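Novice: Listed below are the residues making up each chain.
There are 4 protein chains.
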Amino acid sequence: MIPRYSRPEMVSIWSPETKYRIWFEIEAHACTALAKLGVIPEEAAKNIWEKGSNAKFDVSRIEEIEAVTKHDVIAFLTHLAEFIGPDSRFVHQGMTSSDVLDTTLNVQLMRASDILIKDMDELLKALKKRAFEYKDTVMIGRSHGIHAEPTTFGLKLAFAYAEFSRCRARLVAAKEEISTCAISGAVGTFANIDPRVEAYVADQLGMRPEPISTQIIPRDRHAMFFATLGVIASSIERLAIEIRHLQRTEVLEAEEYFSPGQKGSSAMPHKRNPVLSENLTGLSRMIRSFAFPAMEDVALWHERDISHSSVERFIGPDATITLDFALARLTSVIDKLLVYPENMMKNLNKFHGLVNSQRVLLALTQKGVSREDAYRIVQRNAMQVWEHGKDFLQELLADPDVRRVLSEEEIREKFDLGYHTKHVDTIFHRVFG
Amino acid sequence: MIPRYSRPEMVSIWSPETKYRIWFEIEAHACTALAKLGVIPEEAAKNIWEKGSNAKFDVSRIEEIEAVTKHDVIAFLTHLAEFIGPDSRFVHQGMTSSDVLDTTLNVQLMRASDILIKDMDELLKALKKRAFEYKDTVMIGRSHGIHAEPTTFGLKLAFAYAEFSRCRARLVAAKEEISTCAISGAVGTFANIDPRVEAYVADQLGMRPEPISTQIIPRDRHAMFFATLGVIASSIERLAIEIRHLQRTEVLEAEEYFSPGQKGSSAMPHKRNPVLSENLTGLSRMIRSFAFPAMEDVALWHERDISHSSVERFIGPDATITLDFALARLTSVIDKLLVYPENMMKNLNKFHGLVNSQRVLLALTQKGVSREDAYRIVQRNAMQVWEHGKDFLQELLADPDVRRVLSEEEIREKFDLGYHTKHVDTIFHRVFG
Amino acid sequence: MIPRYSRPEMVSIWSPETKYRIWFEIEAHACTALAKLGVIPEEAAKNIWEKGSNAKFDVSRIEEIEAVTKHDVIAFLTHLAEFIGPDSRFVHQGMTSSDVLDTTLNVQLMRASDILIKDMDELLKALKKRAFEYKDTVMIGRSHGIHAEPTTFGLKLAFAYAEFSRCRARLVAAKEEISTCAISGAVGTFANIDPRVEAYVADQLGMRPEPISTQIIPRDRHAMFFATLGVIASSIERLAIEIRHLQRTEVLEAEEYFSPGQKGSSAMPHKRNPVLSENLTGLSRMIRSFAFPAMEDVALWHERDISHSSVERFIGPDATITLDFALARLTSVIDKLLVYPENMMKNLNKFHGLVNSQRVLLALTQKGVSREDAYRIVQRNAMQVWEHGKDFLQELLADPDVRRVLSEEEIREKFDLGYHTKHVDTIFHRVFG
Amino acid sequence: MIPRYSRPEMVSIWSPETKYRIWFEIEAHACTALAKLGVIPEEAAKNIWEKGSNAKFDVSRIEEIEAVTKHDVIAFLTHLAEFIGPDSRFVHQGMTSSDVLDTTLNVQLMRASDILIKDMDELLKALKKRAFEYKDTVMIGRSHGIHAEPTTFGLKLAFAYAEFSRCRARLVAAKEEISTCAISGAVGTFANIDPRVEAYVADQLGMRPEPISTQIIPRDRHAMFFATLGVIASSIERLAIEIRHLQRTEVLEAEEYFSPGQKGSSAMPHKRNPVLSENLTGLSRMIRSFAFPAMEDVALWHERDISHSSVERFIGPDATITLDFALARLTSVIDKLLVYPENMMKNLNKFHGLVNSQRVLLALTQKGVSREDAYRIVQRNAMQVWEHGKDFLQELLADPDVRRVLSEEEIREKFDLGYHTKHVDTIFHRVFG
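Chains A, B, C and D, in that order, are what the protein sequence lines are. One point on numbering: in full-length UniProt numbering, the residue at position 12 of the first sequence is 12, and numbering is uninterrupted. One point on numbering: in full-length UniProt numbering, the residue at position 6 of the second sequence is 6, and numbering is uninterrupted. One point on numbering: in full-length UniProt numbering, the residue at position 52 of the third sequence is 52, and numbering is uninterrupted. One point on numbering: in full-length UniProt numbering, the residue at position 150 of the fourth sequence is 150, and numbering is uninterrupted.
To be clear, the hints were calculated from the coordinates, so they are not data collected in a lab.
No copy labels: a pair is met if it fits in one copy or bridges any two.
With a cut-off of at most 30 Å between alpha-carbon atoms, the simulated DSS-like pairs for lysine-lysine come out as follows: (1) 390 to 350; (2) 350 to 336; (3) 70 to 125; (4) 70 to 129; (5) 128 to 175; (6) 36 to 56; (7) 422 to 128; (8) 346 to 390; (9) 336 to 135; (10) 175 to 118; (11) 135 to 414; (12) 70 to 350; (13) 118 to 336; (14) 336 to 70; (15) 390 to 336; (16) 51 to 367; (17) 70 to 367; (18) 125 to 175; (19) 135 to 118.
Note that the coordinates shown come from a computational prediction; the quantities given were computed from them, not determined experimentally.
Using the sequences and the accompanying hints, generate a full structural model.
Specialist: Now the structure itself:
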């Protein structure tokens, strides 16, 4: 966790305090279930809930105990017993440490998912607002970094909206993947604990029971979770790079908001750097990289080995905290993005109408000119523009081969930008409903 | 594509012949739609379908043309025109190369998904059959590679069944991701082509229209597709490693089928190597690795750059062909796996009953012995077994501290394996329904 | 291996023919060594060399035998015996298959390295030539994609030269890593073969004996090899992206050479796409990705497991063939790159001298103006340029606060581009010697 | 940074205090050089050194300033000025922030490398000690997890020693890669600063000047650095997995040291889990994963973009701190490893001599028996052992086909373990010199 790339709500999910509180709740819910089944006294279960709920767990005390026992759950239970007293012997009955640890991790990931989904909704809201704002703002579309045909800035943002809508759906699916609870004992056979305990605890925590576990909850679930985060990060990277391109000095069609106090280039007004988007590019690399160890964690030995644990201590917090931060930062970038429609138009017209060459070509072939001849005619005029800075429309109007098949009106129509934007509403309807 | 890790049906999806056939169909469907809209003559559309359907495209001829034009779609259209004649000028009207290329890639990935889903069904069938066969075959469960508590071999296979059921669902979702068609022109604005053409072609191909495209279909879809394949590969690795462990000389609880002609260790009957599972381990690494360039492909520049293309020429075929092969190989390994229940029982009993120490411990605490005392008592007897090879049951029966709270019957009950298998049916019901 | 990204010389290293030829040579060299040690008859060794050297191995025949034996080396030895006759029983004595397989892989990687080093030399040559050609061609340097201070195009190329010089050195080191030979028997103990055989064969093949092997040559060597290729690919990506940026429509300071026959945008002269550099970007992603399964291959079980083998069947050829292709393609791109110094100058002057603001600022502080005041003064004039398109030099000359401390000559000197290029020769000397 | 996987010395390298101290030293050295060149007064340089050396930088104060300026170096310089007074205007003259930042990162990585090299030396020492201790301790070697031929435990450790010796050399090379200093100004042209300043500072810090930089030190250096760490992590993983295998219940040839207070399985003496090695397996996955974003950092835009920065805030500390911890943990595991030679011998003899079948086979062929016949004879006897638990030696002695060509003495000799260990000294000499 890098403090500067962290937000408190998500960070708090991963604090020891939160973890121990979830541990307690799982143990206490299990006690309730055990009491219902008559395995432990109802009074004990009540007492455990009462004393534990009011207890303020002392993280450093637990770490102290763990330093001796080298076992985190036993250390916690020992500390818990200090609050609960003799009834503590009913806690954790028939359970194994991983029942607590794995269910807790999933609770944390579920909570993290909820924040991420909320973040995504904020991002979608910002994208939608700006997309409608610039729905009809014409600009040049680019393939290979080279001018292609006109599009609108609203379409760019609508595209991002559609992409992040897919990311949202993937996130919801990823949350589903890890919303399971396992309380199944040492090798998952329920030898020492009734499966109804698991069912009860799962229900209380808003989870599904893991259909079959082997001490641990299977890690293909987590691999899928972190792989999904990696894909989402890649979409963040895409939009960040789009913004960086638009802010390039020679392009300058959009710009990250620049706060007045911000220094470093105060005497160079052209030197406004897209540092937030560059930062997002780097953060995306990190989030994506976490998918790799998560996938390697799947192949644990037999019923379990603990090699996944150290990986998850890193990527559990780091991936969710960083993605939360990145989504919020991206939302802010989009929200406050400075957009320069005049520059968009200036860039669009850079080649004096050449951008319409494709349309003219098509018009010629539709009038019966062979593809080869049409190419040659258009190319001839295009070269006048390219090499001598002539105006493409004027050249075409003056070319007898063109005029033979196309009227002035027909030619002028090919230079109408409305031609390119006529389906924008259709597309917006598809994307935003 | 490595021939030895390839199966013909999947390979054929990626052949140039298949690709050109799909290209043709997309173009021809588009012509039908254009004819319906009155853009091109109905006769032309009919003629294109007829001549094109009967045409036998000559791959080397197309490559020859491409060598000059350096443009694959134009090369194909030129070749197609050789079959269709003058009506060929109606082909590809208002379309852009990527309309064809991207839709084709998705058609190929859809077909590949269908094979993979079929493979997965075969694997699930094999796992289910063997799971029921060994439902009650008791063996030791292992955590950290160390004996823990008894489980059954059927449970191991049921666990794999549940895992691959999840993988199947993920695969279905992944197929959905890439089941889109885009025919939206140079920068996705439909400037030169009516959106209804896209809708028609999509429908004919069993796809959804891509809600918003930018010359290309967005690559977050493909990133999600290949990431999913990477997760599935990781699950294959898990099961392969399980088998390799079970076949270790000292464990030998299961073994890959060994064909009579197979050489290399004919004089060393103990030297039957789990080469298929080892091979699957390596193949999984490859399939997993393909997820990363796929994620890097997401952040294309502006409306598109073509950097994804070379990546997809590798991973499109390699990931699907290799996963198809791996799933089939794993199915065969499971199907023919030699299982040795006697060795399982021998290994289970390796420590003369020590495996039941946890149960005895629990029983003591349930009888009111403090956790600390119970530990001490059990440990004392365990050490007799561990250090002097004594029998755990006999030691406990002879220990007055134990006998004070537990009767002989109660102690003997702790050594009953049925205790561990009592919920197997419940778990099977959860997994197999 | 993707044919379109492959060159024949590198491909041939990975052909079955080459592989079997190397197998033969290792076996035959071992025979010579065994004969010298008196283990086998000298006549036999001679006969083996003679018959084997003239033999034309039949790949399909070997595959046929392998289909039965499921063991590639035995299949080859069986085929070899068909040429050599009874003396074939002296072949492979005391050796294990991996002795042949692993040494062969390293021979192939050494040969591949030699080609890659040669490729790198070609690239360096092209970079050096073009660097000197444009040593003094001034252009704007950019940080964050935003104009910073002037540099020269030659410096850009010199930077790439220095980077690829490092890559060359890394490649030489990587080759060293894998230049080892192992002929040490089933678990590397030389139980069945004298270590002097290994020493002899190593020497004949230009290798070092692997100090300690365990049936196989340790895979950390190969991990390092492929990781190095991944780093080199990343440097290729850097230069490719530089070129793609320079070719952007709005920048257009350089352009990939565009062959006359090349179609697709013949009527749109502005539509020359940097497709080669985009292709290099994608290829780099692939080569980089191969480093990861190579690293996962290190942790083989005990003395060996064979999980690395399938990985290497992919990445051995794919990484080297693709890198060879990419280096050659990059060399060609650099060699023929179209460079537009006028556009460089036009872009540099885009902001009417603002690029010199930093120098003016520095000059003011050096004359005793406080940093804060200097900022304010420069900023005031910069804003006139930025917002009203004024000329920065004229504004400064007219500003009394500036003139109070700087003479006209001093101000004008701040606009001298020579200021920025005065150390180019020094840097070139550092880079090129 | 995960506290439980961190050691203080390495952590301190990455503290803000250390960072600011290095920043100061770079600035102060640069002042000395500028004074020597007559650019700033000598008195000022002296004053800066004196005041700065004694200053206790206040991290929270700097962060406070940065919150306003959004620029870390300016914030630091502002704070520094609070100590130095008016002479502070001579600090940072002609320099750019990256001169300080990049050189500092490299200083930190150099110091980190020094610790890692020291760690590696400790590990090598432990491996060597234990290798000689068990030089002649015979155990079975395993390929594919299956018994192959005898080796010694000392050879296993010698193999690890050789592997980590290579890792040490790679680490030294990696340190060399990043031991460069850049003080070259905004785009690396030295426009505002004399190259001799860079040379002087580099010299003072024990670095080489970066031959050509572009505001930043090229990131292929860092990619190589972190890729090397990834390879080293993979070697750690290999040894950790070896230990995990040896500790498997059925194998139990070695065991991690188990401290008396350690709980969790106190009543199950067989339940000693190789948790340290499992932990090392997970940590290796993390360290390896960091190589990926490091490689992606290479392709920065033009003279620089800042996307690498966020990545390095993660992986700079995380990779070095985790590797330091892992190396120390592995050293401790090796140092205290419990080794069970009796179990090794018991496992070796598991198949009543079958392990010698290969030698018998070879002996028969050397006596002129054809390979096919020899196979058949050995196989026949092997099957008696495998299926009926007979003793291989006795079977062979009783087999007339064997006795026809081999005397009793010759047969018995094939069961002599000394045969397998006769070259151990040679190999040790190769490895340890």
